[in-house]
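K.L.:
Below, each chain spelled out in residue letters.
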Amino acid sequence: MTEEFRALGGAVKNIAPGEHGLIAIDPAEPVLVRVPHGLLVRTEDIVLEDQKILLRESAGLSDPLRRFFERYANAVNLHAAREAEVASRVMTLAALPDNVRQALANDLGLAALLQDDTGRAIQSGLLKTRQIAWQGGPAIVPIMELARYDPEGLRPERGTNLQIQGYAAKEVFVRYGPQDAFSAFRRFGCALPETAAFSLPSTVTIGQVQFDIGVNLGEGTRRGNDRVPTIARDADKVSLSYLLLGDRRSPALPRSIFRTLMTESGINNPDEVFDLIVRSNALRFIRLLQNLEPYEGEMISTLRTVARYQLEAISHCVGSRKIAPAPSASPNAAA
Amino acid sequence: MHKDTPSPDPAPWQGLLDEFRTMGGVAHNIVLRPSASGRGLFPENPERPVCLLVPDSLLFRTRDIGLVGDRIGIADGVETEPRTKSFFERYQTEHFCGGARTESARLIDMFDSLQPELRNRLAAEFGLKDFVVGDREKRIFRYFFRSRAIRWRGDTYLVPLLDRMNRGERGLKAKPGPGGGLQIEGSTEGEILLSFDSQDSLGTFTKHGIAVPRMHAYSVPTRTKAGAIELVIGRDVTMGTGHPGSGPPQMQVESGNIHLSYLTVGNVKSPRLPRGIFYTLMRKAGVAHAEDAFDKILFVNRTKFLSLLEALEPLNGELVSRLRRMAHFQLAALAECVGARTL
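The listed protein sequences correspond, in order, to chains A and B. Once you know that position 177 of the first sequence is 664 in the numbering used here, the rest is easy, because the numbers rise by one and skip nothing. Once you know that position 208 of the second sequence is 214 in the numbering used here, the rest is easy, because the numbers rise by one and skip nothing.
Simulated from the structure, these hints should not be mistaken for lab results. Be careful, since some hints might not be right.
With a straight-line cut-off of 30 Å between C-alpha atoms, the simulated DSS-like cross-links for lysine-lysine are [what the hints assert, rightly or not]: (1) K724/A <-> K231/B; (2) K809/A <-> K302/B; (3) K657/A <-> K724/A; (4) K91/B <-> K809/A.
Incomplete in silico selection of chain B near chain A, CB under 10 Å [said to hold, decoys possible]: (5) M257; (6) E260; (7) E342.
Since this is a predicted model, take the numbers as computed values, not measurements. Just so you know, even glycine gets a beta-carbon here, dropped at the ideal spot from N, CA and C.
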């Protein structure tokens, strides 16, 4: 399959499949996976039929690329370990007590992983572990997506192609975009103390204005050294592509970003709105902890840790500082 | 009722109740029965209101009380009318030795079974040293005392019959009796509960050893900077300028430091109040950077309880679960800090 990948414009150096993901063949040499633009497939162009991944016509791939992608995406030997991990996670979640499952589904957006149709839940979970943000939306990135997630892993470099390169002691890990503790759990099933916390999808109404917070971390712009979400405002609604709530490295940043964007949009009292969003998020994770309390078990323990990591990151919101003004409109403004 | 708590023997209790009444006390429609918390007071007829009136002569200041051997008694040198002293000591013998000691000992033993490192943290960081430091018998006694005493007219008292009442968020409130003394009255279908005082979840756990949600959170003792000024935050909610715990704290400025007797950092009913009070105090003191200072205080508090949860994560058991629930309740109250009200 790697030969076919190379023939289609991809590049793979010093990498081989390992037990769980990808490994560096020679740790003294750098690894490289380069995926040409044409081989990146948006998840919206994918359908699942009879547990097989197929491409919609809208994917716009040539026949050779389409054949390669569908063969790659459904290669059991490549994805068996990951599918087994996801399946195990789905079944363990399904076995949780009712009140815990309800909190996860209703408060924390895990309904897709907890649906009664476990086959669809597994496929949904598997798809989520494989996607990476590309030009504003999630996409499957062949070969690269076989690497497991780690916040200290290689960072994808975006240009004409999408690539990872660097050194790996043994297993090659990739940092698939900004995550927080909860999104890392939702996508990869792991409990990791991430640097930042982002808001869950939230809607808060104050007075006549409704604030909608999304989870599209790929949609943002640069202001100096800071990355801010995109904002859309109409008369009685403000929408943010995502919202940073806490940041261990820069605790003054979260409130500052929100305050700046809201002030520029003519919203009064942005601090109170921000506090309400933080409150809503914090209480959802505290309720999860309360629902977990009487129980023991590995998944219960993992969820407790994930909730605590998320709350710790949320709490790293202290003070404020200046955010650079919005850049003037230019073709290169989007990050 | 815990299986180790003896069932109340009706004869001594009835005798004490009769004597209480001859000494000026009133106890209408009240009986002592086993409850979920061990033993408690219940209405004999739930369709009728209850009334408990304790005269001034039967209010015993805790500083006048001590352990005499393994019994609770009036300390030497405290002048007390002999009949009153005799009643008190017999009453407390029946109460403490009759079951309350067993319940107290059970909790103290649970603390003693925790790892030393965790016990030390609970003592040093959460004000729980009375549960873990010192002679076991004295800790049992102090916990019983602490959980059963009430604050009244600026002092702390052990009040017969009232000290049998367990606490609840919707409990009855103590108020002055018509001719003096202390009175509880009202209707209740189940156990007669006394309302909690103004403590938050941590304070309620410190006093009563139970995990309950409260409507507010006070800061743990901490120090932080507001510009060049050092802020010292205490945790004495009895030292405030309004209703205990809900109004502004006392503020003292000395040697470039500001001392606050306590600081409310979360309030379910008035989430804009905590910041509002703090900003007002800092304006009065001429301190800049109040927003950053308050954020740091909130951060210290949240981090402290999250760190406790981390320490408890690998553990299980009744007390560990209780500590976790207390931390959850405190974190939930800490989340109730939204915006700022102008005062």
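K.L.:
Please write out, lowest number first, the hints stated earlier that are contradicted by the structure.
P.N.:
When the structure is compared with the hints, numbers 1, 3, 4, 5, 6 turn out to be violated.
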